[in-house]
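4 protein chains.
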Amino acid sequence: MTYSVAVAGASGYAGGELLRLLAEHPEFEIRTVTGHSNAGKPLIASQPHLRSLAHLTLQETTPEVLDGHDVVFFALPHGASGALTAQLTDVRLAIDCGADHRLTSESDWAAFYGGEYNEAWTYGVPELIVAGEPGAAATRQRDQLAGATRIAAPGCNASTVALSFAPGIAAGVIESHDLVTVLAVGPSGAGKAAHTHLLGAELMGTANPYAVGGTHRHIPEIQQALRGAGASETPTLSFTPVLVPMSRGILATSTARIAPGTTAAEVRAAWEAAYADETFVHLLPAGEFPRTADTIGANTCLMGIAIDEAAGRVVVVAAVDNLAKGTAGAAIQSANIALGIPEATGLTVNGVAP
Amino acid sequence: MTYSVAVAGASGYAGGELLRLLAEHPEFEIRTVTGHSNAGKPLIASQPHLRSLAHLTLQETTPEVLDGHDVVFFALPHGASGALTAQLTDVRLAIDCGADHRLTSESDWAAFYGGEYNEAWTYGVPELIVAGEPGAAATRQRDQLAGATRIAAPGCNASTVALSFAPGIAAGVIESHDLVTVLAVGPSGAGKAAHTHLLGAELMGTANPYAVGGTHRHIPEIQQALRGAGASETPTLSFTPVLVPMSRGILATSTARIAPGTTAAEVRAAWEAAYADETFVHLLPAGEFPRTADTIGANTCLMGIAIDEAAGRVVVVAAVDNLAKGTAGAAIQSANIALGIPEATGLTVNGVAP
Amino acid sequence: MTYSVAVAGASGYAGGELLRLLAEHPEFEIRTVTGHSNAGKPLIASQPHLRSLAHLTLQETTPEVLDGHDVVFFALPHGASGALTAQLTDVRLAIDCGADHRLTSESDWAAFYGGEYNEAWTYGVPELIVAGEPGAAATRQRDQLAGATRIAAPGCNASTVALSFAPGIAAGVIESHDLVTVLAVGPSGAGKAAHTHLLGAELMGTANPYAVGGTHRHIPEIQQALRGAGASETPTLSFTPVLVPMSRGILATSTARIAPGTTAAEVRAAWEAAYADETFVHLLPAGEFPRTADTIGANTCLMGIAIDEAAGRVVVVAAVDNLAKGTAGAAIQSANIALGIPEATGLTVNGVAP
Amino acid sequence: MTYSVAVAGASGYAGGELLRLLAEHPEFEIRTVTGHSNAGKPLIASQPHLRSLAHLTLQETTPEVLDGHDVVFFALPHGASGALTAQLTDVRLAIDCGADHRLTSESDWAAFYGGEYNEAWTYGVPELIVAGEPGAAATRQRDQLAGATRIAAPGCNASTVALSFAPGIAAGVIESHDLVTVLAVGPSGAGKAAHTHLLGAELMGTANPYAVGGTHRHIPEIQQALRGAGASETPTLSFTPVLVPMSRGILATSTARIAPGTTAAEVRAAWEAAYADETFVHLLPAGEFPRTADTIGANTCLMGIAIDEAAGRVVVVAAVDNLAKGTAGAAIQSANIALGIPEATGLTVNGVAP
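Chains as they are written, first to last, in full-length UniProt numbering: chain Y, 1 to 354; chain U, 1 to 354; chain H, 1 to 354; chain X, 1 to 354.
Read the hints as simulated data drawn from the structure, not as lab findings. It is possible that some hints are incorrect.
In silico lysine-lysine, DSS-like type, Cα no more than 30 angstroms apart, as pairs [unchecked claim]:
(1) Y:Lys192 with X:Lys41
(2) H:Lys192 with U:Lys192
(3) Y:Lys41 with X:Lys192
(4) H:Lys41 with U:Lys192
(5) X:Lys41 with Y:Lys41
(6) X:Lys192 with X:Lys41
(7) H:Lys41 with U:Lys41
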């Protein structure tokens, strides 16, 4: 069947990527697009690369406009979707690409975001390992997504890091405290609002750190995911993002201490087992590491791991397209699962490179 | 007085940067430039930005050509300078920008480089803290450089990371094991030889890790420097470099565990004390972190630190121009010290930005 | 039906883009990939972004390997395909993405390429206007492509410029002499062979002209196309390409003198009429001009025109992805036409932006 | 002697480059810096690369603050300096890097800028050829700058293009109508104000044209300069700028029809004669063309010319750093001349590359 779809926040970067992917999806029909300051204007004025959607006009982002669609994707600034989604009465599946419904801890929300807390929705990272009850086998997050009606798409950095650490934590081959991640990330993740520090002249030819020292909002989201994967207590994580001169992409270098008594083969085996059957998360052969270029436009997370015995740490390097697998692709993959559509529908594993 | 200068390896990136800086230096006169495959050609054919040196022709890189100069800078591939420098008979000051004379451990050389070992020369990082004998105050590396006749300029990544950790190690406010560094670095550090993986199309718009898992050659150099700064034993370091799309620059994010019982103020004080009087290493105010753009062309290392109490780690972010402060600037600064010229002569603290 | 396909030169940039597009094409089955120095290795070692083709191994590029496929795409260096294609005995449709079969003039070939001349094949730019015999209406190049068995895919710069000027020449609203084009182009068009001048450090942060002064090999191809579009004599064209720091993309700024007595409205009408019904060439509204970002990965040529009455010139700005619409997309679009498959099959109009 | 200097608009890009150069200038002492919205803040908060100026605080941009300095540089948005400079009573030398005092034609000002017209000041392009009265030899613009008290620094694009065409026009070897220029330019020329179309994500990996079709404000300035160089009537010029992903730099490709009966040698000789004795404008040998990288941070304009006999056009490719030779360097060079300081003082010919 064909599902009617609305995209709220269609004039931004995440909204644009949702539409690019939805335009190729055989089961979704884009019926409505909304935008705040651009309401009334053609979508293509904001998204000149979406030539096949030249017929669409941006409408106001209101519950009335959005209600009545089978599926609504929200690509709004953090804090903007919570009040809106609460007013929906006739939407089968709502997927929030913003942060409003990601955190299960109200105190984490207060500490890292502030403003009104909204309850957490089903987390949209299908490949994430979910520890079972004592004695039961681990499952995947996709099991919880099947049949879901409200989904929180992940933060792009958060899901990349969670997928990087989860196999080792679930298998007990790494320690779950003293994790360290440094990310190289392109500025499209920061959105389309005009700020001086995001100007091209400020970003080209330079690497610029931000949110240094434990203040990035994706930290509690990562911790929450890793607790779900089996960390016995909330992991400690040093997390530093660095803006680098590429419009898209995340390269996350994540390291963890190898658990005492664990062999290198056991470490590698944990990641191999975790992703051997996954369509969209690929562990590269030993000695190979991914480049973000190879994931651009794709729903793929490429991962390479090294065991540094001298340092006593495993190094996991993961590459994703922050807008695709990091945001819009994850949202559509999750929607596919929720609706019973084959999980890979409308998504590609092949990147646009070079 | 004016010192006669030769630069060996003048057609490469490090050689070009040496010449750019030397051309403005009031005490040095560039008399000879040498290049391997380009010998006999005008320098400017290899270095079209060095307009003031259009009169120079590249000569062969031989001991005969180099001998007789007051100062010779070597900017040759690793392994190429050792045999050459051994044959010099009449050079007051030789400075090697390659790795051949950096490591004091022959086994480290064998493990990370291979080929014939050459004895270590005085290490060219003037600001580096050097622990004193028991009971004696710490000194700086510049004290050893005064009057030196043979100097090993540092690896660009190595000096950046050593400067990042040394204050904390020397002051005992961080643990010297389980260090973690991830660097964003531009490809000029990889040299001018043509390799497919360094093509523009392979590097633009993407972040590409390399030497993952403890294999990078700068690791033993960092460990050596940190032992010198007072680490009680050889530090363990997880070190991952990532090529990002900027021609120059290193942004090193380095983290270490805060020593038990140490306050945040004590941690910050260690770095403040270390660099308060330095011309070329600047600690930014609390909450500020550097961008590589601000160091381009300058001999400046900009540093910011954060104390992440939740993670139990200090995060040190350091930015340098890999060719300037990372290589050629460090070499000239060290040469100034060795010759008794004021240390900052011919060097600038101001970057070319944006 | 499904056509069996081979790609010769599958380890390069054009080969990679052909495969990326073919992998999504419902009527083509990629059966064979060949590569010169990489024969025997997995395709994915050369093309790590093509995750869905991880099962393919590169074979030698020989007639024996290629014969027997329904369709063979050649993505070889110029001069390499001519001898090879002459030996094929059992290939229904051969499409050469190199230059060997583009030029109808043996003397142009000798002047701009040299080496053995190969006869011209049907030119693969479907939207190109083809002037009719005297008294007959103009047609499009796609009419000649229908049923073709040998197709020369265009040079990426050449087709972009030909499409930019053809409407004006065909309609007689511009003069066909004294054309001027300056192109900004990314380095992927220069191929994957390692050359110093194509290193990332040589290309990032800089604009580098090449082939200045009428020496670029695409000039005779453009002239040939414009003669076909109705230029009364061979047009004169000043053509200057400039490498800029983006891996993909061509932005061609082309200007021509407005024919005496022609109004601005008549000029614009010529381009509007030419492309109003085209799927893959879009004329933007008056006052809007394209960006290459909006065409990345797409088979789209975006075009904007301005009439500069003070200068007496029309300015046509055209954006394409050099690897997609410029090369691989044009090849597949032409193959679709030749085989009677709907022209847009397996191709998208939407770019990957930002 | 030492001149006291103020820089108005010190928080922007042009202001920053002025300060970077002034900081190294032995005859100028930076005493005052002003900024609009940043008044009261440390300069270094806006210009974190200017480490040697960490002691300066931004003041309000008022006549009172600026009066009393020997030299005042204005780096304000167009339209902002005119009213301000009119109120100065005690400034020996004022140099406006904005457009307010560039145009001698009030109608050109009205057509391209609008707002109140301010009288033109002495144009700050020292190397520009100025045609003599009938029978008299040509001079240079530097002759008019000697002793000047009010100087209009040029538009960065305008001076680059004027220097490109002037030798041919002055020598009569090219036609002065039907000129065509296409420029690749980095976004720092567009200033530091936050606009969506200047965001990093909008500019990386893409070439974006703007002001297409004869609307760019530098067109009348170029025409004015070329009339001064001897064009018999106002030249017609098709001018198209293209933003490309580099923070700094202009690569201008300019073409003109070769005058009938002129030989290639005569054409080249015109440019050679024009710049043979210039310190900051270098004509490259035949067959060589410049890259913007080689001019970064330098006061150098590198130029290459080709005679395309088939097209009947000369092609002049000129590279400059838009902020240095294009703006701040030109201003300081002109100030040197005006004050009788050696022209090259405080400026370098060597670029920062790669």
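A quick look at each hint next to the structure:
1. Between Y:Lys192 and X:Lys41, the direct Cα distance comes to roughly 28 angstroms. Compliance with the 30 angstroms bound is thereby established for this hinted pair.
2. For the hint pairing H:Lys192 with U:Lys192, the CA-to-CA distance comes to about 16 angstroms; that is within 30 angstroms, so the pair holds.
3. For the given pair, Y:Lys41 sits about 28 angstroms from X:Lys192 by alpha-carbon distance, which is consistent with the 30 angstroms threshold.
4. Restraint check: the Cα-Cα separation between H:Lys41 and U:Lys192 comes to about 28 angstroms, which is no more than 30 angstroms; the hinted pair holds.
5. Distance check on the hinted pair: X:Lys41 and Y:Lys41 sit about 40 angstroms apart at the alpha-carbon level, beyond 30 angstroms; violated.
6. Pair hint X:Lys192 plus X:Lys41 holds up; C-alpha atoms about 17 angstroms apart against a cutoff of 30 angstroms.
7. The hinted pair formed by H:Lys41 and U:Lys41 fails the criterion: a straight-line CA distance of about 40 angstroms is larger than 30 angstroms.
In this structure, the hints that do not hold are numbers 5 and 7, in rising order.
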